[in-house]
Amino acid sequence: MERKQDNLKRITQSYIDFKKSVGKFDTENDVILIGANSIDKNTYWLDIVFDNSYTLYGMDYKDLYQIDGLKVIIFKDLDKSQLLENLFEKIPYENLNKAKYSMTYDLVPFHTELNHKNEVLSIKSKYPIKDILPFLRKNKVKFSKDYQE
1 MERKQDNLKR
11 ITQSYIDFKK
21 SVGKFDTEND
31 VILIGANSID
41 KNTYWLDIVF
51 DNSYTLYGMD
61 YKDLYQIDGL
71 KVIIFKDLDK
81 SQLLENLFEK
91 IPYENLNKAK
101 YSMTYDLVPF
111 HTELNHKNEV
121 LSIKSKYPIK
131 DILPFLRKNK
141 VKFSKDYQE
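Heads up: the sequence shown runs through residues 1 to 149, numbered per this note's numbering.
None of these hints come from the bench; they were simulated from the model. Treat the hints loosely; a few may be bogus.
Here are the simulated lysine to aspartate or glutamate pairs, DMTMM-like style, with alpha carbons at most 20 Å apart [as the list claims (entries may be wrong)]:
| id | residue 1 | residue 2 |
| --- | --- | --- |
| 1 | Lys126 | Asp30 |
| 2 | Lys126 | Asp17 |
| 3 | Lys9 | Asp30 |
Okay, the calculated beta carbon distance ranges per label pair [claimed, not checked]:
| id | residue 1 | residue 2 | range |
| --- | --- | --- | --- |
| 4 | Asp17 | Glu119 | 14 to 24 Å |
| 5 | Lys145 | Ser102 | 12 to 22 Å |
| 6 | Val108 | Asp17 | 36 to 46 Å |
Glycine included, each C-beta is placed from N, C-alpha and C at the ideal position.
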């Protein structure tokens with residue numbers, strides 16, 4: 001039986017597949033930062049950012065996860081992030097803060113808004129959505145009837 005959270009895993013996998021299509025991953029040093037937070041009582045957002053451990057400085061986390069060979073840090077202080085904890089394989093902790101200095105740079109997330117059924121309402125990204133949609137459809141991501149491009 002499918003769980004509502006399975007759609008979140010398919011969304012994450014779709015963004016990974018898309019990113020693989022536009023460039024290679026360094027599974028040793030690349031990391032996915034992910035979190036989810038309420039917008040209102042019926043909707044929430046999911047942000048997924050691809051980063052590298054050599055740019056991480058002072059990132060506070062206790063648990064480390066993985067998906068598709070990539071390390072995952074979940075922002076557990078966000079109120080919907082508990083939905084994510086069982087989606088990924090927990091792996092032994094390692095300190096991924098490899099940057100020697102704090103840097104200012106603009107990370108653009110894959111920003112997805114979802115309804116209470118975990119169906120996609122909208123997607124925002126620096127990449128054209130029309131290029132991302134085939135990956136979401138291939139992974140059978142569920143979209144709300146209210147989905148807006």
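Against the structure, the hints come out as follows:
1. Lys126 / Asp30: Holds - the C-alpha atoms of Asp30 and Lys126 are around 19 Å apart, at most 20 Å.
2. Lys126 / Asp17: Holds, at about 16 Å.
3. Lys9 / Asp30: Given pair Lys9, Asp30 holds - Cα atoms ~18 Å apart, limit 20 Å.
4. Asp17 / Glu119: 14 to 24 Å: Check passed, 20 Å falls within 14 to 24 Å.
5. Lys145 / Ser102: 12 to 22 Å: Between Lys145 and Ser102, where Cβ atoms are some 44 Å apart, the hint is violated.
6. Val108 / Asp17: 36 to 46 Å: violated, 18 Å
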